[in-house]
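Engineer: Assembly of the complex is requested from the two constituent chains, each provided in isolation within its own frame, with the hints serving as guidance.
Heads up: the protein sequence lines correspond to chains A and B, in order.
Count the first sequence with the numbering used here and you get residues 1 to 426, in order.
Count the second sequence with the numbering used here and you get residues 1 to 601, in order.
No wet-lab data here; the hints were simulated from the structure.
One thing to keep in mind: the hints can contain errors.
[What the hints assert, rightly or not] Here are the simulated lysine to any residue pairs, SDA-like style, with alpha carbons at most 25 Å apart: (1) Lys446(B) - Glu188(A); (2) Lys452(B) - Asp150(A); (3) Lys204(B) - Asp188(B); (4) Lys317(A) - Lys157(B); (5) Lys456(B) - Pro223(A); (6) Lys346(B) - Glu49(B); (7) Lys452(B) - Pro223(A); (8) Lys152(A) - Lys68(B); (9) Lys21(B) - Phe20(A); (10) Lys418(B) - Asp150(A); (11) Lys204(B) - Gly351(A).
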Amino acid sequence: MTDYLIQPRDPLMFRDGRPFSADPGSLAESMRLPYPSTLAGALRTLAGNATGRVWDKELAAGVHSLKAKGPLPIVDDGSGWKVYLPAPADAVILAETDDAPVRLMRLRPWKIPSGTGCNAAPYRTKEGNGKQAAFGSGCGQILPLKVTDDGKPQGDCDLWSLEDCVAWLADPESTALPGRMFGHAPVEDRTHVDVDKDFLTGKNGMLFSTVSVTHNDWTHTRPRRDKPEEMETSPARALLIRVEGWDDLPDETFVTAGGERRLSRLSSNAETEWPEFPDRLRDSAKNGIRHLKLQLVTPAPFAHGWKPGWVDPGNLKTNPLRNEEGHPPLPIPSRMRLVAACVPRRQAVSGWSNFLETTQEPGPKRARYLAPAGSVYFFEVDDGDEPLTEKELEELWLASICDSPHDRGDGFGLVVPGVWDYAEED
Amino acid sequence: MRYILAISVGPVQDFIAAARKTRDLWAGSEMLSEISRQVAIAVGGENCELIFPAPESVNAPEINIANKIVAIVPDEKDPATVADAARVRAQLLLDNWLTGVRQLDATIRADDAINWPTAEAQVKDFLEFFAAWWPYKVDEEYAHARDMADKLLAGRKALRDFMPAVSDEGVPKSSLDGGRDAVIDGRDFEKHPDKRLALGVSGKELLDGISLMKRLYKKEDLRFVSVSRVAADPFLRAVAREFLLDLNTKMDSLKGTSFVQYLRNTPEHFSGFPFDTNLLFGPPSDAEFEREGTGPEEKTALEEFWKQFEKDCSSHGMRPYPYVAVLHADGDFMGGLISKITRKDKHREFSGILAEFAGEAKDIVNSHFGSLVYSGGDDVLAFLPLDKALECADKLRAKFASLLKPIADEVLDPDDAKPSFSVGIAIGHFQAPLQTLVEWSRRAEKAAKQRKDHGKVVKNALAVHLHTHSAGDEYTEAVRGWEQDPVTSFWQKWIGYIQQKEISSGTAYHLRDLWREFEDLSLATPAKASVLEAEARRIIKRKRESGGSRAQAQVVQDDVLSACGSPLRANLLNNTVNEIIISRKLVEGTFEPSRNGGSNP
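Excised from the complex, chain B in its bound form (with noise of 0.2 Å):
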């Protein structure tokens, strides 16, 4: 009697999502990630066979491991026993991590400031973990073990078990989760602040152990840069070269002070310029002047840095631009992929496939000078600057399609869902509060995946959200199916043509007015349908800029008509208005490389 034995261990969204600065946010998804590995490593020692992830990608450190660990547990094994290794197992990798923040706790001579029987109690209570097991005898029982082993493992988690809080009257709760108790106040290192940003704490914040772990989680590697980084990288590829080094030498003698970082083993592509961008964004306020406590000298030579800079980008005729997007990507019709597949070996294939993208994706991702978050199982977050975000998109669904239709062809029918791959591209200020961010991806992604044809859920696409600073929650979204090629077909012609004067700012608001003029009317009938075009060609003929040319005129029409659909319809109208607006926003973000030749930082 062998078994199918599923795992899945976290908490997942909340504890990623609890995240200040950008480097939580990648911390917490590379913890979960190494628990992830250490419970795959310890059932693989265990003489059982990993099915999920595949057994490379475990002993691949730059391979993120999805939270769901499914292993064939032999004969002479018993099942509960080799789940609870693994349970002990990452919770070892959790108590070290734990012990790592209390040497460099000894090592700064931080003097209590960290209530240690609260931080280590609550790292005790951190981890979710599931098992469920299900036995087979031979291998045509295979694929209903695994499935039975699956449900089983649903059925176990309905139970979210959790202990009592570990709490106590009169202390603060952590600025990063509510239900915590904060085992660290950065207001109590006032005559210490080297002390404080060595344990990487700002002057007020609170944080509860389980924060502070992942504060200090491989604080030395800083291969996560900022958000405002990858918003200014636009800008940074394009300015001259002289500019850039003179920047560069002016950053370097500024980054003793609280509002310059200098980034170090920054990837490949940021390090032309690594350094926090923060302060070209605009000077610190007094209020944070006064947070850091900045002295005069500090301050002023701060200010002179920042108006010479705003003298330099009038002259050069660029500044950065301060949004950033966010993408968040997942594969679709896995689930009916998986049940397909009969033979473990195949599953495993599988498995192997999916580490293989893991891997492409990170390489995509550092090629359009993006920050990759997290890349595991057919899952994808990451940063990107808005001049490379949609080709970054079009370039991942490219690859996931690659890679995994031999294995889709091979298993499914002709009738099945074919696995594809939706992304969902969140636009933002930098500003943003990063868990909003992330939330606004993830937003947008499921709204890729709520694409319907003819009422039928078909998911396969890209769907983009513009989050203005001043909107609230509002947003513009424009969603499109991968099979009409979206980024060429549609996005870059539409960029090209702002980017030509070919269409103005007006266009597009103008004729989101004719859309909201005709939404509630039907457009049933083709003489509607027909008077509603006209009245959009003429609005892009009158709109169009000075600059534009009379020959392009009637191309630039027949290109957004005739992507409103044959007879016009309301909805696409609606949808290339919005693809319209969002480009003009990404075209602000994108600059012609100088004259002086794009120093490519």
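Only chain A is shown next, with the shape it has when bound in the complex (with noise of 0.2 Å):
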């Protein structure tokens, strides 16, 4: 098991499934954050190269044996790089106002009222392309979220230190603000135009752009754009994995990750930790809890949609033995019912293989959809049955929860716990 840093020496670039040519007026777009996927196929590319050995579907297959974790952001804004994860959906930092300033609403679930109510949240549990419907009977038990402030969203509230996130996972009732956070790494617009191959010339009319994002090396700290007599910090960024199962890779190398075959030096982390369980939140749990929040520190594909294969769909208790058959099983407690989840708008993944399960052949990967990093799930542990234990949260502690053992291999789906309360009823 070895961390390695990725430090961005490019503006990378990691486009989502559409096609891309470079035809006049095209525009190539990059999401902020890489998809775990992609670094750990850039992994094993690198992997698999050092092997010496031709790529085939052995080889292929082979390197699958690398496991990723990650990847989670670290940030230096002076002070040294430091882990940070992307904010939690359920804490909403809302702007400042006339009367109010900025401030931070918990999204709790919320036990409604008699009388009053909200349409259930569907969720399809037929697996594969899905075209045959087959809906959960316990999406009416989902509660709704209680908002209690109705202010505008701040913007660049994306990334959370990992102290400030712990707190907030630590205290079920805290609203305060996060001490460090940071925006996404920002983008970058060229203008480029298409060269025929024959005379390396450009060809007439033929421009088209790309967005990529880019990392500082260092810290920078200058006038604010608009407002020039206040200074703003643009930190240095990187990204943090960790790799399992592979232990020949360099220690420090250069790598190509995402489109355009963009270049990022990979060393083997010696400045900053994978971060451990933290006590304050082993604390929290001393006394057994029964609200325990699973917050995604990477996106997460479900088998059911927004909702994971692991949750029953009638009676939306946990089951980590809905796996895949001949793996073990996911660290999740058995004894846990989905209350409530707080699930941003969908992401896509699909990408290219080298050999399709199907036909063997290249060609493009199915796309699926991900529940976003910063998604909350609430469960309850109920009367019944023992309450978590600090092992059970420690086991949960940047931890996979995919369906998909291929997914959790890639480093999808990685959790952090916390606990939380119920909103205060009407």
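Structural biologist: Here it is, written out as structure tokens:
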């Protein structure tokens, strides 16, 4: 098991599945954070190349014993590299208004009064391409979250420091604003011209644009664009990734990640440690907990859409054995019930495979929808059952809760656990 | 027991923004508006009393319906059943649109080119539908119930439920939505380009079921014109009548080619030149000829046209300018106003006012030779020619203010923030990707909404962003509050001075250098400000172009400096400099009508 620091040297481009060609006026955009599979794939390519063997089906399957965790964004705002996590979706930072400063609204599961109601959040239990729908019967039991402030969300709060996230997870009541947070890494637009391969000259009118994510190598402090009298910090940024099951990666090299063969420096990381289960969370579970929430720190594809497949479609109880045959059970305690969820709009992942499962030919993978990083799932242990222990909480720390073992090996669906309380009733 | 039922439908931004053509953008907004209309009709049909949208706008097809519906559910009805009926009706509309595509497919005999099972499944999973309800007994509880229904709806929307993707291995994704499989591939029609064109798909394009449905939405109704047509409008309005007639004739002879589209059913203000105008900005590239499979004769005809057009432009001393304005506007402090409305009759009156504004906004955009993408509630998105964009923004703001004033005066307390209207205008090259142009206009609107005064967010502003073709994501920004009457008191002045050569192109850049030199220095002392002011005066005087009048020079200096505050402030100097830089661009896109009479197409 080795932790690696990925420090992008170039602006990186992580595109979605849209086909792109250098036609006039076309635009390739990048996501702000790469999907785990993108970086896991980059590392597997590096691992495979390092073997010196020809890329065949056997090697392609072999490198899958390299399992990745992450990426976790790391940021240096002048005080050294620190782990940051995507902001929890149940924490809404609201912009300043005439009569209220910047503030934080905690969204909590809400036992709504009788007579009130909202429509159910459906999910589909049929896996595969889902063309025949089979809807879960438990969807009506999912509670809404309580919105207590109708202010407008403030921008640039996408990444919270690990300490702030832990404080948020360990205290079910706090509405303290995080001390350290940043927006995602900025993007850079470039205009390109398609080049005639025979003459190596630009083709007339063939302009196209790309948008890439830029990661500073060092921390800049400069006047704000909109308010030059104020200074703003633009921190250095990198990504942290943990590799298991493969020991032969070089300690220090360059790697291409994402589109356009852009380079990043890969180094076995000595400066930043993979975060350990924090004492503050350990303390919060000392007397056992009945209300557990799981916050995604990397996006997760689930078998039933927004709902994990290991949550029973009928009674919403958790079942770690609802898992693909022959694989170890998930680190999910079996006596929990899904109560509510806070899931922003889905993302989509696909990609290219050199050996598609159906044809063994190269081709596009099927698209899958992901619950975004930051999504929060709220679980409850019913009165008759034992409360959750410190150890059970620890096992969930930065563990993957994806239904598919393949996705878990790519680093999708990593979670951090926390505690929660119901919203006050009216 | 009655209920307030609040419904929200989507997706909004992602769906609308998935656009390659301006028609896609327009169709996306129209379709969403029609889905919302069906929800409103369904709710009304269940004996519920519509609060929002106003019932009269539901029956007026020309008015867009916003994606939030609020109604009172009577005692005898179950709100869950009403909400479900509304969802079913919205889905039915989507299914009907797809059936329309299917019929077209059968008519043109596209021969299995469309993957129907996937398209159908995509349409089934498309709609986002959220509903929440809150009971109340007596009218006095109405305001509380409405507020709580809104909050509960927001709490329900915290879970944006979604189904597993409908997707197969080995299938390429849609060009417009990377999360959906393509159901049609333009490359499959190499031998039948006529069928491909009938389905609205370009040569290499891949479309998913939703995007295909959008592409074919009211295909025969070309009310929405392309960005290039809007960009060319100032030129077409200014050229001599004979030139325009000649141009019309030539374009008519080329309309069979892939590069000239005849625009049927265009609105009145575009009917004088009902053609797509890409060709007026330059001949197609070899790669474009190749992509469209253009034959040698056609290619020669197009090239000949372009050569002659170039000559004509030179002899007339004007040529189309390739920049366009995208206007995005939205009401400010509307939440505060709504929360102060405690009676349902007032709430309905408010909905009626917004519906009236939506209708008026359309007329205002049309009268400024613009192309309206969306106008619903307090939201407007439109493409405008450079010479009319500022004036249009000013008219929209004035109309919004006059319509909202009576109800605001009635329900708000003196200390409450009054509703106002923030407008963002992004000026960009017409060939910039459409999604980018729209995103830029959103960014400008956001800048207007973030305007602060003495540390307080006051909104109520006009923000203009200029994106030049070569600057990537960098832009020039100018923001001023509407209370300063920015269009008349500043923008039109700068434009006038530039046209009269009272301000040269170098003035703004030298003033900008001055600002850069001084931006980090404290300007708190009057002495420093007066030095800066004297230097600014010198720059304006020295940089006056030879054609300017000496008598005017003092007026120009005074106007520029008064726009920078007294004592002079660095941020206002920067803003004024940016206004002048952007004004230069606007002047380049503005043409004096030809002496032979502007043709007003």
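Engineer: Would you mind marking each hint as holding or not holding in the structure?
Structural biologist: Structure-based check of all given hints:
no.	hint	result
1	Lys446(B) - Glu188(A)	holds, 20 Å
2	Lys452(B) - Asp150(A)	holds, 20 Å
3	Lys204(B) - Asp188(B)	holds, 9 Å
4	Lys317(A) - Lys157(B)	holds, 23 Å
5	Lys456(B) - Pro223(A)	holds, 20 Å
6	Lys346(B) - Glu49(B)	holds, 14 Å
7	Lys452(B) - Pro223(A)	holds, 18 Å
8	Lys152(A) - Lys68(B)	holds, 17 Å
9	Lys21(B) - Phe20(A)	holds, 16 Å
10	Lys418(B) - Asp150(A)	holds, 17 Å
11	Lys204(B) - Gly351(A)	holds, 20 Å
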